[in-house]
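Chemist: Each protein sequence line maps, in turn, to chains A and B.
Residue numbers for the first sequence follow the numbering used here, beginning at 41 and rising by one.
Residue numbers for the second sequence follow the numbering used here, beginning at 41 and rising by one.
Think of the hints as simulated: they come from the structure by calculation, not from any bench.
Predicted model only: the values in this text are computed from it and were never measured.
One or more of the hints may lead you astray.
Which copy is meant is left open, so a pair is good if it fits within one copy or across any two.
[As the list claims (entries may be wrong)] Only pairs whose alpha carbons sit at most 20 Å apart, straight line, appear in this in silico EDC-like list of lysine to aspartate or glutamate:
#1 Lys-150 to Asp-75
#2 Lys-54 to Glu-66
#3 Lys-187 to Glu-174
#4 Lys-163 to Asp-75
#5 Lys-43 to Asp-127
#6 Lys-73 to Asp-111
#7 Lys-187 to Asp-48
#8 Lys-163 to Glu-65
#9 Lys-73 to Glu-130
#10 Lys-61 to Glu-146
#11 Lys-87 to Asp-47
Protein chains: 2
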Amino acid sequence: MFKIFYDDLVIGQKEAFGAYKVTREEVLDFASKYDPQPFHLSDEAAKKSVFGALCASGWHTCAMMMRMMVDHMTKQGVAGMGSPGLDGIEWRRPVFPGDILSVESETTAKRESASRPNIGLVKSTYTVKNQKGETVMITRGNAMIAKRPS
Amino acid sequence: MFKIFYDDLVIGQKEAFGAYKVTREEVLDFASKYDPQPFHLSDEAAKKSVFGALCASGWHTCAMMMRMMVDHMTKQGVAGMGSPGLDGIEWRRPVFPGDILSVESETTAKRESASRPNIGLVKSTYTVKNQKGETVMITRGNAMIAKRPS
Numbered sequence: 041m042f043k044i045f046y047d048d049l050v051i052g053q054k055e056a057f058g059a060y061k062v063t064r065e066e067v068l069d070f071a072s073k074y075d076p077q078p079f080h081l082s083d084e085a086a087k088k089s090v091f092g093a094l095c096a097s098g099w100h101t102c103a104m105m106m107r108m109m110v111d112h113m114t115k116q117g118v119a120g121m122g123s124p125g126l127d128g129i130e131w132r133r134p135v136f137p138g139d140i141l142s143v144e145s146e147t148t149a150k151r152e153s154a155s156r157p158n159i160g161l162v163k164s165t166y167t168v169k170n171q172k173g174e175t176v177m178i179t180r181g182n183a184m185i186a187k188r189p190s
Numbered sequence: 041m042f043k044i045f046y047d048d049l050v051i052g053q054k055e056a057f058g059a060y061k062v063t064r065e066e067v068l069d070f071a072s073k074y075d076p077q078p079f080h081l082s083d084e085a086a087k088k089s090v091f092g093a094l095c096a097s098g099w100h101t102c103a104m105m106m107r108m109m110v111d112h113m114t115k116q117g118v119a120g121m122g123s124p125g126l127d128g129i130e131w132r133r134p135v136f137p138g139d140i141l142s143v144e145s146e147t148t149a150k151r152e153s154a155s156r157p158n159i160g161l162v163k164s165t166y167t168v169k170n171q172k173g174e175t176v177m178i179t180r181g182n183a184m185i186a187k188r189p190s
């Protein structure tokens with residue numbers, strides 16, 4: 041079922057994927073569960089905040105990015121084995137209900153795992169943009185990818 | 041309504057808060073929406089993965105941490121104005137259904153905003169632990185906090 045392994049990944053490789061429609065219902069649902077700050081739940085409070093209008097939790101933007109990444113990885117058959125973490129997240133612009141998000145990725149580094157002989161570690165930068173082409177978020181992530189079985 | 045402003049925050053200050061019970065239902069719900077990788081959805085697939093058993097999406101752990109942070113900030117009356125991002129996330133150990141998570145925070149740096157005279161930027165490290173006292177995640181976050189109105 042896997043087609044793309046650690047061995048196949050090339051530094052500098054770029055990809056573009058995804059279209060995630062942000063709905064008001066989902067923004068409110070995520071925020072009420074995980075980030076109930078006033079500017080993620082109330083139009084009134086958001087208007088007075090630095091964001092200017094009701095906007096998605098930054099963690100919700102991460103979650104929506106992840107969904108686009110997993111769908112893309114699954115489609116491509118990438119042998120993803122999870123992630124040890126991220127080197128950084130920049131929330132550049134608010135994400136509003138009605139926005140349509142997409143992702144541009146670039147592979148920036150790769151190395152074999154010292155502790156797990158079957159796995160390699162890959163660094164990538166993910167730029168999330170809205171339908172206007174504005175960058176709303178940049179993340180620098182690390183992924184564990186299985187090596188091609190010999 | 042706000043009681044704690046940028047001016048009140050002290051570098052080196054530590055706090056502990058939260059108790060978030062991780063349920064299997066919520067792990068599956070989050071993963072099916074945002075991170076449908078096999079080891080977050082299937083006991084069978086998870087058993088064969090590096091995690092050993094069905095575990096929460098790392099983004100779900102971030103979301104649960106955020107809920108504990110917002111509840112704590114609200115209780116304390118911290119004048120939180122959102123966040124420009126994080127300097128890093130380390131997913132150290134898997135989070136399993138049944139785990140009870142809590143947070144230890146430390147304020148590590150603060151500076152006034154160059155562009156927004158009413159706001160200061162504060163760096164903090166958040167260590168998320170499970171009920172055994174094991175560290176499951178470390179994040180280094182940035183927050184915008186309002187200055188005390190003069």
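Chemist: Would you mind marking each hint as holding or not holding in the structure?
Modeler: Structure-based check of all given hints:
{"no.": "1", "hint": "Lys-150 to Asp-75", "in the structure": "neither (34 Å within a copy, 23 Å between copies)"}
{"no.": "2", "hint": "Lys-54 to Glu-66", "in the structure": "neither (30 Å within a copy, 34 Å between copies)"}
{"no.": "3", "hint": "Lys-187 to Glu-174", "in the structure": "neither (35 Å within a copy, 30 Å between copies)"}
{"no.": "4", "hint": "Lys-163 to Asp-75", "in the structure": "between (28 Å within a copy, 19 Å between copies)"}
{"no.": "5", "hint": "Lys-43 to Asp-127", "in the structure": "neither (27 Å within a copy, 33 Å between copies)"}
{"no.": "6", "hint": "Lys-73 to Asp-111", "in the structure": "between (24 Å within a copy, 11 Å between copies)"}
{"no.": "7", "hint": "Lys-187 to Asp-48", "in the structure": "within (9 Å within a copy, 51 Å between copies)"}
{"no.": "8", "hint": "Lys-163 to Glu-65", "in the structure": "neither (33 Å within a copy, 32 Å between copies)"}
{"no.": "9", "hint": "Lys-73 to Glu-130", "in the structure": "neither (22 Å within a copy, 23 Å between copies)"}
{"no.": "10", "hint": "Lys-61 to Glu-146", "in the structure": "neither (23 Å within a copy, 36 Å between copies)"}
{"no.": "11", "hint": "Lys-87 to Asp-47", "in the structure": "neither (49 Å within a copy, 25 Å between copies)"}
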